[in-house]
Structures are given as C-alpha cells and as structure tokens.
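Throw the hints in and build the complete structure from the sequences for me.
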Amino acid sequence: MIQHASATSEIVVRDSAAEGASRRWQDEMADLVTDPAELIELLQLDPAQLPDALRACGDFALRVPRPFLKRIRPRDPRDPLLLQVLPGAPELRPSPGYSADPLEEAAANPVPGVVHKYRGRLLLIAAGQCAINCRYCFRRQFPYGDNHLNRSQWETALNYIRGRHELREVILSGGDPLVLNDRQLGWLAAQLAEIPQLDKLRVHSRLPIVAPSRITDEMLAWLTGSRLRPVLVLHCNHANEIDGEVRAALARLRDAGVTLLNQAVLLGGVNDSVTALENLSEALFAAGVLPYYLHQLDRVQGAAHFEVSDARALELVEQLRQRLPGYLVPKLVREIPGMSSKSPIGS
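Per UniProt numbering, the very first residue in the sequence shown carries number 1; after that it's consecutive.
Careful: at least some of the hints might be erroneous.
The calculated DSSO-like cross-link candidates involving lysine-lysine, where the alpha carbons are at most 30 Å apart (straight line), are [what the hints assert, rightly or not]: (1) LYS331 - LYS342; (2) LYS342 - LYS70; (3) LYS117 - LYS200; (4) LYS342 - LYS200; (5) LYS200 - LYS70; (6) LYS342 - LYS117.
Please keep in mind that the hints were generated in silico from the structure rather than gathered at the bench. Just so we're clear, the structure is a prediction, and the values are computed from it rather than from any experiment.
Spelled out as structure tokens, the structure:
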C-alpha cells in the first residue's frame with residue numbers, strides 16, 4: 001500500500017510484508033502500478049497528462065514496480081526515471097523509419113521461444129512480460145503470445161540447442177526471465193547444464209534494478225548451482241535507479257560468483273549528458289557492475305522522441321573517455337538486422 005506524505009515531502013512507500021520482514025518479490029509483482037491515473041496521483045503530476053497517457057497505454061501497457069516508483073521525484077515531469085515509464089503523447093505520433101520489429105527478430109525465430117541471430121549464442125524467450133514496461137522497449141510489439149511455451153515446446157527449443165554444436169552460451173531473455181518463479185527457472189537451468197557444448201548461462205534482466213527483492217536464495221541456487229558459468233546482464237540507464245536496496249541485492253549476486261555487466265540505452269531527456277553517463281558508470285562500478293554496452297535506440301514505433309543522433313552519441317562517449325578510465329566507458333553500439341554481432345558506432 002502507498003500512502004502520501006505531506007505536500008512538501010517525498011512520497012512514502014509502505015509494504016505490510018516489509019515492516020520488519022523481507023518482502024516477497026511475488027507480492028511486488030502482483031501489486032504493480034498499471035493505471036496512469038494512480039501513477040499521476042502518487043507522483044503529484046499534472047492531471048492534464050492523463051488522457052494522452054491512457055491513449056498511449058492502449059498500444060503498450062503501463063507497468064511499474066513500487067520499489068522503482070519511490071526513486072522518482074514527485075512533482076517533477078522531467079525526472080529521468082519517470083520519463084522511462086510514463087506513457088504520453090509522443091508515443092502516438094507515427095514516425096517514418098520506425099517499425100514494429102526494428103531488429104527483424106521474426107526472421108530469426110526458428111522455433112517458438114528461440115531467437116538465434118549470432119554464432120555461438122542464442123536467446124531463449126523465457127517470459128512474455130516484464131516487471132516494468134520501458135516506453136522505448138524494442139520488443140513492445142514482439143509476438144510473445146506465439147512464444148509462450150508449454151513443456152512440449154520447451155523440449156523443442158532445448159532440442160534445437162542440443163543440435164547446434166557451435167553454441168557455447170544460452171541467454172535467458174524476454175520479456176524478463178526473472179518474472180518466472182525459481183522452480184521453473186531451476187528446471188530450465190538444469191536442462192541447459194546437461195547440454196555438453198554449453199559453458200555459460202547468461203540472464204538479461206531489469207528486475208534486480210527495479211525490484212531488488214527478486215534476488216533470493218532460491219534464485220542464487222539455480223543460477224550458480226551448475227557447471228555453467230553465470231553472467232547477469234542488467235539494464236540500468238541512470239544512476240538514480242541504484243539505491244541501497246539495489247546495491248545490497250547486487251552484492252549478494254557478486255558474492256555468489258555471478259559476473260555482473262550492464263547495458264544501457266542512450267535516451268534523450270534521460271541520460272544524454274556526459275554528467276549523467278559518468279554518474280551512471282561510477283554508480284555501477286561502486287555496486288560491483290561493469291558498464292558493458294551503451295545502445296543507440298532501436299527504432300521501434302512509439303519511441304522516436306528518445307532518439308539521440310550518432311554525432312551527439314559519439315561526442316558524449318569521447319567526453320566520457322576524457323573523464324573515466326577505459327573500463328568504465330561502455331561500448332557504443334547499434335544492433336543492425338542481419339549483422340553477426342552488435343555493431344560499434346564510430347570505430
């Protein structure tokens with residue numbers, strides 16, 4: 001339950017299970033903010049935004065975990081975390097050059113649940129939804145209904161992997177794979193560990209950032225309990241997303257031997273300044289995470305207002321190099337359909 005503080009103070013997030021005891025992440029996933037009117041009220045925003053927010057939700061629903069909500073500044077329509085989640089009028093404008101499938105993943109979907117674009121690794125679409133719907137998401141129109149697997153289809157996907165002897169790594173993706181329960185994920189991880197050519201298990205997830213209670217003993221057990229080397233690639237775009245709870249969750253992962261990397265998206269109005277990017281890299285490193293990729297926006301319809309030009313992106317990365325050691329400067333990349341890997345920009 002969320003209660004308002006006084007008009008001059010921050011909002012206060014209450015969770016009855018958190019008063020002296022660990023919150024259950026499942027409870028948080030069942031109590032997402034999904035109504036734009038509630039989001040606008042809780043953050044004391046201009047109610048005039050509501051009609052456009054409701055229309056934009058018709059194409060792509062609002063989903064925000066309450067732990068993430070408490071990091072957003074009330075009464076600030078330009079808060080960089082708010083801009084990532086609040087639906088609005090810019091999403092409703094058609095944009096030339098933008099499409100429903102900017103990475104042409106439909107052509108790389110050989111069997112349900114598998115996206116195979118690169119040699120040596122592939123994606124398993126483990127879940128068809130996320131804990132948080134980021135408004136720039138390149139899979140906002142992905143046909144998850146066609147990739148929601150029953151046990152028989154999981155076996156088909158696993159047989160596809162068994163038959164590709166060049167594979168070394170499987171990446172659990174989605175949606176967000178960590179919205180699944182640990183029993184399901186533990187079964188899947190055990191099946192993958194039995195495939196002899198694999199040596200790494202990678203998970204792409206935003207959940208440790210937006211709902212850090214997801215890092216449980218059960219999760220650590222399946223992620224680190226096999227011969228596969230575990231890698232967790234986080235998605236964090238701004239230093240304000242990292243609070244004490246997030247740092248504690250990441251410390252548990254790191255202490256368990258999980259390699260932690262981050263990929264961010266360069267977003268106009270959110271992190272398109274050298275100060276924002278510098279602060280992000282420093283905050284990640286302080287939490288034991290290495291900056292990995294800085295993605296240029298995938299041109300999905302509805303996200304054009306976030307785009308930053310390549311020239312500006314290159315300028316920002318060059319400024320970062322002047323401020324930070326090389327290991328804290330993420331690689332600036334774009335994903336181009338049909339290419340054998342991410343494509344560096346400006347190299």
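Right, here's what the structure says about each hint:
no., hint, in the structure
1, LYS331 - LYS342, "10 Å, holds"
2, LYS342 - LYS70, "34 Å, violated"
3, LYS117 - LYS200, "17 Å, holds"
4, LYS342 - LYS200, "19 Å, holds"
5, LYS200 - LYS70, "35 Å, violated"
6, LYS342 - LYS117, "10 Å, holds"
Hint compliance for this structure: hints 2, 5 are not met, and every other hint is.
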